[in-house]
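K.L.:
Residue-level listing of the chains:
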Amino acid sequence: MNEKKSILKNEGFQAILAALICIVVGLLVGFIVLLIINPAGAWDAIVAIMQNFMTRSSGPARLKNLGNTLVKTSPLLMCALSINFCYKVGLFNIGAAGQYVAGAGMCLYAGLAWKLPWFMCVILAIVAGGLFGTIVGFLKAYCNVNEVISGIMLNWIGLYLVNMLLSGVKEPSSPYTLKLSSVNPGGILPSLGMGAFFAKNKYVTIAIPLSVIIAVVVWVVLNKTKFGYELRATGFNKEAAKYAGMNEKKNIILTLMIGGILAGLGASFFYLSAIEEWSVTQSSVPAMGFNGIAATFLGGLNPIGTIFSSFFIQHITLGGSEIDMSVYPSQISDLISAIIIYLCGFVLFFKLVMNKSGSGKGGHKK
Amino acid sequence: MILLIQYTLIFASVLSLVALGGCFSEHSGVINLGLEGVMVIGALGGAFTMKGLANAPAIVIVLAVIIISALSGMVYTVLLGVACINFKADQTLVGTALNILSTAAATVIVKAVNMHENPDNVSSTIQYVNAKKAFIVKLGKFEFNWFMLVAVIALVCAYVVLYKTRFGLRLMACGENPQAADSVGINVYKMRWSGVLLSGILGGIGGIVYITAGVSEWKFETGVAGFGFLALAVMIFGQWKPVNIGLAALLFGFFRALSNVYSGFDFLAALKIPGSVYNMMPYLISLIVLAFTSKNSRAPKAEGIPYDKGSR
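So the protein lines, in turn, are chains A and B.
No gaps in the numbering here: position 132 of the first sequence is 132 in the numbering used here, and each next residue is one more.
Positions in the second sequence are counted from 1; adding 1000 to them yields the numbering used here.
The shape of chain B in the complex, shown without the other chains (with noise of 0.2 Å):
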């Protein structure tokens, strides 16, 4: 039981983390659907940092790699804002290519560095046992880990930023209607470049999250299975409010911790349901969800459009 609230709580970070950088993106006029790419770019560089402090003090390690990973990630959705704010290009189509290359260059990165240490080793995984630890507090067998605070750190900060800052009114105002922003003085640009930014920032946190939430290695080639897809479904559910999304993510973090600790419950284990069963759950429980709270979806009006200051 324990070990499904441990789970729950470390999935429905990663899921509030990234689902917060849509929230950000989106808010501004801007559909990151790469985030799933730009969680593994963040998961990438961190588990490289997390490789090469192995021995570091926790807290330097802790710190390091959220900075990293949150860099890695930022750096990454520059491709994003380049071709999707200044060359107006189709967000949909920017945002499926950062997932592919995402996968494939984490992968030919990894292999590369890999077989540069050892000839004979051409696998695609990056092992992080020790420096995992510095992330984790045992309190009993509960193992509180500090990414779970920053989740929530996060969830407070967007909140403010979004509500209780010019900046956050003045970002949601170029997702609703960027033309009268513009009107009066607001430069739509650089809002939705901070958007896009925030969500890298986010994203890139949420990826060495996921790869450090249950193991403690991680093969680059089977990217983050569509985790970036779901938190987007959770942005949805959440109705882009940062509260929501957090509830939402408790969610749907139950239900993917659900596939790593069922065979622990007797009764769940007794029922003999293949484990596909489990791990289709997260994704089909968010299709469900999309078909009854899309209706009266709440997005921002001027998503995925681009902003053409010359078209009035």
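With the rest of the complex left out, here is chain A (with noise of 0.2 Å):
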């Protein structure tokens, strides 16, 4: 009998439990609009969502297309971990898409016009982000500005401030910047052979491993060391932790300068691959900040689960390319992302649910 309630009230349980739940559900919502638009072809094209790159006839292509997932996958992890990091010490950095902006803008920047090598172009990204970072962080230890509002006013800015600066580095017929593999192939994060594994996917780097490994970084920084076992005692009680003389100022301005920095570093990952380039009339700023919370909460707010979550919300979100779009829209695993991240907000409610329920009388936690 003791056996059992314990599965129930594993914390590492209830996370893969709530965030399978959550999968399930957006999916389902995703299918049911798709029958509303359509009802004949809704189950191949949820299909074809779930599949993305299992959609390809052959092997080679498949392998290509898991390649391409994975590059993406590696900047949505940095930017999903930047969010998760700032969350464990209380702080919601919305702002990571800002952040991931200017490291964009930076390393490209670096790269096409001064032709810096790949490592020069990776650091000026992390100095961008951490800047940006930082620069909220000081506003909400100083100012008792909201981060999120301050986060979200900053990605406008680093939007327009990119578009500006690349506006000197784009193609004279198109609002792309130049292609870096013809401008500066230095400049180009090295592939180290790995290109070869993904049938000569030339996207493929280093940024792959390179991101899991820095989320294990940030798991055993935040759970294994003093300085984050700090910050996350500044995130849960700021007076308690002010109390026990902890800097609650310098951590508040550290962990948003911190969070900056790896989401300006996944900019470097996604545009120092040379997968796409920068489109300088862009007015939206790019999805893959927004994209990180959901990786975020679906990971269950731990660095390792967001590894697998980041590839699950992007491996749907290029899924929807795959489908038939002259019936639906794209935009279809974009709404089933959103729900999931909506139904995150559950998943608090629901695990307090778990650990009463067959509790019995005692109905303490743990």
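Zero decoy hints are in this set.
Calculated lysine to aspartate or glutamate pairs in the DMTMM-like style (CA-CA distance at most 20 Å, straight line):
1) B:Lys1301 x A:Glu239
2) B:Lys1190 x B:Glu1176
3) A:Lys238 x B:Asp1090
4) B:Lys1219 x B:Glu1117
5) B:Lys1295 x A:Glu239
6) A:Lys351 x B:Asp1090
Far from chain A by the CB rule (all over 12 Å, computed), these chain B residues:
7) Val1129
8) Asn1145
9) Ala1180
10) Ser1263
Since the hints were derived computationally from the structure, they do not count as laboratory data.
Just so you know, even glycine gets a beta-carbon here, dropped at the ideal spot from N, CA and C.
Since each chain comes alone in its own frame, lean on the hints to assemble the complex.
P.N.:
Printed below as a string of structure tokens:
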């Protein structure tokens, strides 16, 4: 009897169960929407979204598409880690999108205009992202500005700044920036021969293993170090942390700086793999930072869980473009991710119910 | 110059409507970060109404659009209310989810409708050129928009409701000290629901005003470009008070209007500042303003904390 209790109350088990429920309900709502739009192809469409690269016919094509999915997962994972890290300290870093934009602008400009080698571009992306994060942290710590609102403002400021900055290095005839592969091949992240595993996918770089390693590092820092403990204590109760002699202002700024660094790094992982160029006429902030929110919460706010949830979110996002676009809008997968985020709001309540159920008369947590 | 005033007034109307929405919600104790999403859904409802009623008499269009937008926004905030009031979810998370959900849902809905009407039309744009004219009264060169009047009425009503009625004072009590409010027999959940639904109504109307402000078609993939958050900045700058919100909205509206009309001013055009700078301006100004005004914030004390009857 005790064993049955312990599995329902095991935190990891709860997190996975909650994530699975969110996913199933999200997909179900997506399926219903597809049914309403056109019942005939709805099943094929939802299957295509879930299969993504598996919809390709041949083995190598599948592998290549899996490679592309992974290439786009690593920046998403970085954004999710950024949000995850800050959330553990009680800060909602919606500004990750803007820090990502800042990192993207800086690394592309460094690569295209100054023709710097890749590691310099990465460092500059980190600096730019970190700076954006620090601004939010400073405003929060010293001016009491809600980090969500300042984050959103900086998202837009960053977008217009980067559009302006990159206008100097764009193709003459299109709104896209110059191709990194032709202007400065040294600016592209090294692949270390990993592309060969994915049917010669040239976009596969060290970014993929690196992002997984960073996820593990973030987990260790948060859970196994004094620094991480202090940060979490600050997030849990600012006043108590202050009373215990922790510098809560410094911790807030530091947290958002690290958040910014992670998001900026994520941008360099994306744009320095040269899989896509930046469009200087874009009028909305890239979705990467916002999808990161979905990945964070779906991953149960655990950096390791985030690795899998990032892959899943990116998987269905790309799966959205595999459906028959003459019948269904590809944004259906954005809709599914959004519903998943919304459902994650109920997870806390869900856990509460699970902890109460089966505990009999005692009713105490744990 | 007249154009600048006109745009300032219309953007100020948007901001004050949405900020008042935020104001009601926060006074009841719920932070509505999903206002951006509420605007999108309100705009969606309004835009479909305008498209459907293109040839109806002006008064019918005006009333129908306002009512449908308000209802759409209100229905959408039910999602926020259920999660944050009844299920005690994280208000920041749910608000953000609503923002993301609104753009995705609006895009899917508009695209599906467009494709249904014409298989070649895969855009997410709704056009409402004719219906838009119903809202405008020309006074010489100045185009008076009925929405400006709506915003003024909303401001006056908000002031009266919040400070002069029992409902308003009770609402504010729930945002300051819900336990105390409950102990004197006020139903906190009911009050918070009213605050949230009112924010949906005002946010929804704000959404339709925004998308009809300068253009006569709207691409729903772009959402409302952070305007919901600008409105929250207006609300904070206005210290959660209707009159101050109105004034703050005028200031922010002015900077937003500038980005629409700067090329019409010879001396501004001569400076050759890139358009991006003007686009950035409202966000930059609000960031600076927030930095200076948030320190002594008069935010409702219990906002953002889910009310649990059991914990006293």
